[in-house]
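K.L.:
Protein chains in written order, with the numbering used here: chain A, 1 to 348; chain L, 1 to 348.
Simulated from the structure, these hints should not be mistaken for lab results. If you're wondering where the values come from, they're calculated on a predicted model, not measured in any experiment. Just to be clear, a hint being listed does not mean it is correct.
[Unchecked claim] Some chain A residues judged to face chain L by a derived CB distance under 7 Å, without partners named:
(1) I63
(2) M329
(3) G341
C-beta: ideal position from N, C-alpha, C; glycine also.
Listed below, chain by chain, are the residues.
Protein chains: 2
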Amino acid sequence: MPKPSAQAFVPFVSVENMMRLVHQVGVEQILRDLANYIEEDFRRWELFDKTPRVASHSDVGVIELMPTSDGESYGFKYVNGHPKNTSEGLQTVTAFGLLADVYTGYPVLLSEMTLLTALRTAATSALVAKHLAPKGADTMAMIGNGAQSEFQTTAMKAIVGIKSVRLYDVDPEATKKCARNLEDSGLKVVICSSPEEAILGAQILTTCTADKQCATILTDNMVGAGVHINAIGGDCPGKTELARDILTRSTIFVEYPPQTRVEGEIQQLDDNHDVIEFWEVLTGAKQGRKDEREITLFDSVGFAIEDFSALRYVRDKVRGSDLCEPLDMLADPDDPRDLFGMLHRAKA
Amino acid sequence: MPKPSAQAFVPFVSVENMMRLVHQVGVEQILRDLANYIEEDFRRWELFDKTPRVASHSDVGVIELMPTSDGESYGFKYVNGHPKNTSEGLQTVTAFGLLADVYTGYPVLLSEMTLLTALRTAATSALVAKHLAPKGADTMAMIGNGAQSEFQTTAMKAIVGIKSVRLYDVDPEATKKCARNLEDSGLKVVICSSPEEAILGAQILTTCTADKQCATILTDNMVGAGVHINAIGGDCPGKTELARDILTRSTIFVEYPPQTRVEGEIQQLDDNHDVIEFWEVLTGAKQGRKDEREITLFDSVGFAIEDFSALRYVRDKVRGSDLCEPLDMLADPDDPRDLFGMLHRAKA
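Turn these sequences into a full structure, and let the hints steer you where they fit.
P.N.:
Below is the structure:
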């Protein structure tokens, strides 16, 4: 068979190679690196092609495509969300993503993104908390101790500098698993038996549960003045984690309002309720935290630009290394009009 | 490193393996098979989740995602369209696609789709022509002799039974390439030096050019009574191939009106101009060709369900064979909540 041209091969980063990359760089450093790439892209937010994710819902979950482009590169992520998967031994969220060259339309990177999504979600949370959490915040309550919890905690240590984490989950086994994974992290890890216990003395409250129904993980009386709430879970129409009264007491920061109003905590509020787009805090167009008693809330749902930043980082890191392998994914005949001839000649 | 579970591996069909599949089955047979799968899905059109493709346009081309679902399987295709690519030695269209299980959200097939798109586009055209072309149609004019032309011609032979093809392209080299690729096809191949010459005696007129501007490949006076027009090219806002007067004289058949009104030949007409959805011809809900003098026009733009059918076919054919290879694309820890632990243990 004739050999395909170099253009035909798309660099592919497998799960194994993603894990190798994380360990080569170090998990805390890669979280800092990702936060830097995300910050860089958030600062040039306005030039991106933005669209709410394209979702296909079923009774048991959702499959989504999240595309965006900065005019030079195009990226998208495929991601599913199936809360019932955990009980069947499968991941709630799996993902992969692709970068392509806008000028040619040719893909330039295919990558696993289950791990990369966990990393970029945590890096985004910590980047936001670095700007909005009260000064000297050193303790985080981590409510929901599933697959994302250690990533969140590690990013808050690496980027915000927390020293202690207080864990709570409705399932004590999840908390044990999380504590075990964090035992060499250098953090003080406190296992708590209620959300009320978990938030004691915490300046950052992170909620990361995956209930499909409107749940109330935090009630109004639990949230004192001056905290920063990092609401990660929910993220589906009809899926929330916070009591509505918390929202009305908070200054709310979001990624992309047209998506967050459908998926985020603010689906509980009127469509014209005031929110601040976080990128505007980075550029200085809007103020972040105004005083010590303000409750800041990051209503995170995850946006395509964060995946774009993460893919851009991976592309830059794996280029020319053995962390990617060439995938024969594009038919690319010598004469571009001769696709049939390429096929025909391959018969021989 | 711990070995990933079987769930972590996504069967991948490379370009090389797609070519092997085509030759194992035979190119005419695979076109017939694909037409059967497409017909099966068109007959159950109403149960599909349908959305116009999600397009990201730039000055030089477009990158599109085309998702759909039948409730059991979810599929999408990534495809670019860059007419200027040919002059730079690259394909105008490259593509890959994915099937996933709606119940778990886990991908079950990743496949090259540059070749598969060429095959499914041709199979769809021929399926439509089988139902709409005048009885006994044995001659096709093929105007535009680029990468899609031999696929179109071969499908019309395999599925409609044409015996002769008349080729024309603005570039004589493209026509020579097409004629050379068809020399063992069993068809009578006639090289023509104008579109007017190409359509002489042809009952099926196929146009497949990739001009970005509104072009007029066929003018009104060229189209006689009773022909079937298969308009494949264009397919972009502002990109058409036929004079408007041809459209108003024709009965127009389309795939999915919300997409075709934006991308197809009918963007030249009012939004409420009457069109027939081709699936309704297959189910018997609407009549196809009514008489010998009617001009039938298939205003083809390519729809996600055709890609879904093609991926479904490939999945069925490669299952358990050496035509696919396992791709380590999904992180799938033993304990689904222990993604961080999987990463952590991989360090060792």
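K.L.:
With reference to the structure, classify each hint as holding or not holding.
P.N.:
Hints, one by one, checked against the model:
Proximity of I63/A to chain L holds as hinted, the smallest CB-CB distance being about 5 Å (cut-off 7 Å). This hint holds: M329/A has a C-beta 5 Å from the nearest C-beta of chain L, less than the 7 Å allowed. Hint on G341/A holds. Least Cβ distance to chain L is approximately 5 Å, under the 7 Å limit.
Violation of the numbered hints given earlier is absent; every hint is satisfied by the structure.
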